[in-house]
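**Student:** Top line first, the protein sequences correspond to chains F and B.
The first sequence begins at 7 in this note's numbering and counts up by one.
The second sequence begins at 7 in this note's numbering and counts up by one.
Worth flagging that the hints you see were computed from the coordinates, not collected in a lab.
Heads up, a few of these hints could be off.
[Stated by the list, open to error] Which residues of chain B face chain F? A few of them, derived with a C-beta cut under 10 Å, are: (1) E15; (2) S19; (3) D40; (4) E47; (5) E50; (6) K74; (7) P75; (8) G91; (9) K114; (10) I117; (11) C126; (12) Q166; (13) S184.
Keep in mind that this is a model prediction, so the values were computed, not measured.
Yeah, the Cβ is synthetic: ideal placement off N, Cα and C, and Gly gets one too.
There are 2 protein chains.
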Amino acid sequence: MNKEDSLEEKTLSSTYIYQGKIISLRQDKAKLPDGRETVREIVEHPGAVVVLALTDDNKVVMVRQFRKPVDEVLWELPAGKVEPGEDLKNCALRELEEETGYYSRKIKKLITFFSTPGFCNEKLTLFLAEDLEEKNKNEDTDEFIEVELIKPNEALKLVQENIIKDAKTIIGILYLVSSKNSIEY
Amino acid sequence: MNKEDSLEEKTLSSTYIYQGKIISLRQDKAKLPDGRETVREIVEHPGAVVVLALTDDNKVVMVRQFRKPVDEVLWELPAGKVEPGEDLKNCALRELEEETGYYSRKIKKLITFFSTPGFCNEKLTLFLAEDLEEKNKNEDTDEFIEVELIKPNEALKLVQENIIKDAKTIIGILYLVSSKNSIEY
Numbered sequence: 007m008n009k010e011d012s013l014e015e016k017t018l019s020s021t022y023i024y025q026g027k028i029i030s031l032r033q034d035k036a037k038l039p040d041g042r043e044t045v046r047e048i049v050e051h052p053g054a055v056v057v058l059a060l061t062d063d064n065k066v067v068m069v070r071q072f073r074k075p076v077d078e079v080l081w082e083l084p085a086g087k088v089e090p091g092e093d094l095k096n097c098a099l100r101e102l103e104e105e106t107g108y109y110s111r112k113i114k115k116l117i118t119f120f121s122t123p124g125f126c127n128e129k130l131t132l133f134l135a136e137d138l139e140e141k142n143k144n145e146d147t148d149e150f151i152e153v154e155l156i157k158p159n160e161a162l163k164l165v166q167e168n169i170i171k172d173a174k175t176i177i178g179i180l181y182l183v184s185s186k187n188s189i190e191y
Numbered sequence: 007m008n009k010e011d012s013l014e015e016k017t018l019s020s021t022y023i024y025q026g027k028i029i030s031l032r033q034d035k036a037k038l039p040d041g042r043e044t045v046r047e048i049v050e051h052p053g054a055v056v057v058l059a060l061t062d063d064n065k066v067v068m069v070r071q072f073r074k075p076v077d078e079v080l081w082e083l084p085a086g087k088v089e090p091g092e093d094l095k096n097c098a099l100r101e102l103e104e105e106t107g108y109y110s111r112k113i114k115k116l117i118t119f120f121s122t123p124g125f126c127n128e129k130l131t132l133f134l135a136e137d138l139e140e141k142n143k144n145e146d147t148d149e150f151i152e153v154e155l156i157k158p159n160e161a162l163k164l165v166q167e168n169i170i171k172d173a174k175t176i177i178g179i180l181y182l183v184s185s186k187n188s189i190e191y
């Protein structure tokens, strides 16, 4: 038995409780490494992109939007869920344009991460978008969004003062600031 | 109408679909700022703590564990959900000790954040734990965990190489590295 095997759980059965518009919920009966059984509650999500977009004068394109689950208006990076079959880079370009009106001519993937892997499979991919052109803002039908341009150092301050509270946004800002040289910012 | 009001949604009704061991799922009918109605799927979570624990020789205490929702063994900071009525600092001390065997004599809150506020209310509080004493590891009954000690610069490399994929852990490591002076590391 190698190290990974000694940690892994085998699925014995899966039961769907809910299959919704965006998320689904299932219960998995799983066999633990020591042979005992447990039940895991698992939220399924189609995955999402998050976009760290930098203007030519080196400002971060941020959005402010109300989030019903937490009942607060949050500072975030532009982001959105992946449509079935959609290429992640196209998804990032689409969400950036829908939410902010900016089109990017230079976009690249930075990292992927799981938002909360204890109970959910949501995987986020962070993109760096540069060489921006301002086009028309074309909001999703049920999104109300304000766009703000912030210098990286000001965004870092908003993270350190805990005014920015969205995990994917904290990751994007701290990644930018801690990678100053390697991502040519 | 002020700026915040122009973004907020009012709840018209809430219906529970599932009330589970750790998470619950509800549907909220909400009124959008323009008067139209929409349905929001919301996962409720009791909240959690995440612990950036530094040994006296300046290593980060990390754990490796299998996460059923993503079917992978992940590198993480010690973390866990808050029990009903539990003080967050006590929760952080308890989770650190349960998962790693370390007790901290100096612990302080750094920031709070939402893991995925588009559909879930999970709020995480990040603690810095220092002045560690090694006690006995006392695992939760269904957790299988390996402990690893990593230098901050090595942890940063694991983030940049995308080997660390857990959002709360990326936040803890990048926060540490980007706040070198202010948190006396």
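**Student:** Determine for every hint whether it applies to the structure shown.
**Tutor:** So, going through the hints one by one against the coordinates:
no., hint, result
1, E15, "holds (5 Å)"
2, S19, "violated (13 Å)"
3, D40, "holds (8 Å)"
4, E47, "holds (5 Å)"
5, E50, "holds (8 Å)"
6, K74, "holds (4 Å)"
7, P75, "holds (5 Å)"
8, G91, "violated (21 Å)"
9, K114, "violated (13 Å)"
10, I117, "holds (5 Å)"
11, C126, "holds (6 Å)"
12, Q166, "holds (7 Å)"
13, S184, "holds (5 Å)"
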